[in-house]
Amino acid sequence: MVVAEIQSLAQAVSLLVHDGDCVALEGFTHLIPVAAGQEIIRQRRRELTLVRLTPDIVFDQMIGMGCARKVIFGWGGNPGVGSLHRFRDAIEHGWPHPIEIEEHSHAGLANRFAAAASGLPFAVLRGYFGTGLMGRLDTVRPVTCPFTGESLAAVAALHPDVTIIHAQQADRDGNVLMWGITGVNKEAVLAATRVLVTVEEIVDELKPPAGGVVLPSWVVDSVATAPGGTYPSYTAGYSVRDNAEYLRWDAISRDRDAFVAWIEEHVMRGSAVPA
Amino acid sequence: MMIVAAARALRGVRVCFVGIGLPSTAANLARATDNPDLVLVYESGTIGAKPTRLPLSIGDGELADTADTVVSVPEIFNYWLQGGRIEVGFLGAAQMDRFANLNSTVVGDYDHPSVRLPGAGGAPEIAGSCGEVIVLIRQSRRTFVETLDFRSTVGYGGGPDDRARLGLTGRGPSLVITDLGLLRPDPDTRELTMVSLHPGVTFEDARAATPWELKVAPGLEVTEPPSAHELAELRALLATQGQDGRRG
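Protein chains in written order, with my numbering: chain Z, 1 to 275; chain H, 1 to 248.
These are computed hints drawn from the structure, not numbers from a lab. Beta carbons are placed, not taken as given, at the ideal position from N, Cα and C, and that holds for glycine. Please note that the accuracy of each hint is not assured.
Said to hold, decoys possible - Derived DEER-like restraints, expressed as beta-carbon distance ranges: (1) Z:Glu264 x H:Pro211: 43 to 51 Å; (2) H:Gly48 x Z:Gly82: 26 to 34 Å; (3) Z:Glu201 x H:Asp205: 56 to 64 Å.
Using the sequences and the accompanying hints, generate a full structural model.
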């Protein structure tokens with residue numbers, strides 16, 4: 001049986017993420033794979049289609065550094081703070097270059113992953129009707145229920161080339177354990193062709209707590225340790241969300257020069273994770 | 001006043017779906033005052049969260065740690081929200097029209113926006129599937145508009161029959177809370193009608209802040225001012241905000 005390779009983050013990204021790929025980085029507020037996103041910036045990947053329910057700071061950085069050709073998303077803000085300024089600058093002013101956006105509701109995008117994970121061409125939900133998004137997206141179409149005749153929204157399955165998530169632990173065989181808010185991580189993993197999981201640590205034995213989610217090694221391609229790799233998001237059991245950093249990001253990201261200087265200092269010269 | 005009015009609107013409610021910001025503060029104030037057993041459901045999948053500090057995001061660890069259960073994002077939307085298990089949902093927006101349709105997507109043209117807002121996120125399904133919806137929005141000619149720049153979320157569409165036609169299962173917005181007062185949909189036309197003014201606000205103030213001919217309910221009331229108890233609890237709650245900013 002093919003099991004996950006345990007590699008360095010740089011190796012894993014270089015192997016799994018290629019220019020032009022569709023790359024989902026998930027983690028709903030919790031478990032955001034920031035270190036992996038920054039490794040993609042360091043390796044200067046281009047023309048990516050980036051997918052995330054809630055773009056957050058890591059997408060702001062990747063978009064600002066020109067990694068993205070297109071962004072598929074549900075809510076693109078700095079939670080509790082306001083705008084993602086690099087994301088806005090790309091949409092409003094085409095800096096550093098114009099990007100295409102494909103905008104869904106959270107439920108719609110989550111169901112796109114669930115359809116792909118289930119091996120179905122689409123998922124069905126009550127949504128989109130009456131909103132400005134309906135008719136604007138070629139991945140959302142009305143469908144008639146064959147049993148009741150009701151009109152429902154069909155959303156097309158979304159198969160990323162690569163899904164990247166962060167989890168608390170993996171064992172030496174590459175089985176992965178996460179707990180707390182796990183968002184759409186499982187669905188995004190099972191929807192993807194290739195899977196990279198960054199973890200806080202490798203342990204001898206996984207001991208799943210109540211509500212823990214285990215991904216068996218054979219659905220994962222690479223595991224890389226990235227302790228603190230969700231900062232300024234957090235990893236339950238290991239770190240606390242640094243709300244102050246989310247507030248600071250607002251000022252850093254407002255200005256193009258300040259942003260580039262910050263990236264040079266904190267990302268290009270190695271790790272952005274504080275020691 | 002908006003927060004206190006929103007907390008009061010949760011009297012007798014069992015389960016509410018909460019977004020971050022004013023709704024979260026209001027729902028937690030309700031727990032601290034009239035409704036200690038209120039079940040808070042956050043989009044991050046935390047059901048029955050009982051935060052002791054106000055969270056900055058819908059996914060703060062405090063919410064997961066204090067929840068009865070934490071479920072996945074597809075599950076929170078499909079089983080709990082679409083499944084009709086939430087009584088009240090809270091929404092805010094950048095713009096609202098007279099039928100309580102909301103815009104949280106763009107200011108200006110969608111393809112060439114003057115301001116790109118975060119987008120709808122969970123709002124369309126909250127508006128569609130919650131038993132009823134409470135909207136929190138400041139009342140001004142910038143936020144109250146004749147025509148939305150983009151319709152992110154459906155209130156009553158263009159009138160009384162639209163929700164049924166669109167297949168939306170919830171009853172829709174039942175209350176809009178602004179900094180000037182309270183509005184409710186007219187039972188026949190569904191157009192928002194001023195039903196209460198906060199203390200010190202005149203109907204003329206409300207009309208001046210509304211670009212359409214604002215309807216007024218017979219027997220327009222004055223909102224009961226915040227009690228000493230409500231204010232004390234609210235202050236205590238606000239003092240906890242950002243206390244979870246330490247890095248462990």
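I want to verify a distance hint. Is the separation of the beta carbons of Glu201 of chain Z and Asp205 of chain H within 56 to 64 Å?
For Asp205 of chain H against Glu201 of chain Z, whose Cβ atoms are near 59 Å apart, the range 56 to 64 Å holds.
**Message:** Taking 43 to 51 Å as the stated bounds, is the beta-carbon spacing between Glu264 of chain Z and Pro211 of chain H within them?
**Reply:** holds, 47 Å
Legend entry - Supplied distance hint 26 to 34 Å, evaluated on CB atoms of Gly48 of chain H and Gly82 of chain Z: About 29 Å separates the Cβ atoms of Gly48 of chain H and Gly82 of chain Z, which means 26 to 34 Å holds.
Consistency note: the structure conflicts with none of the earlier hints.
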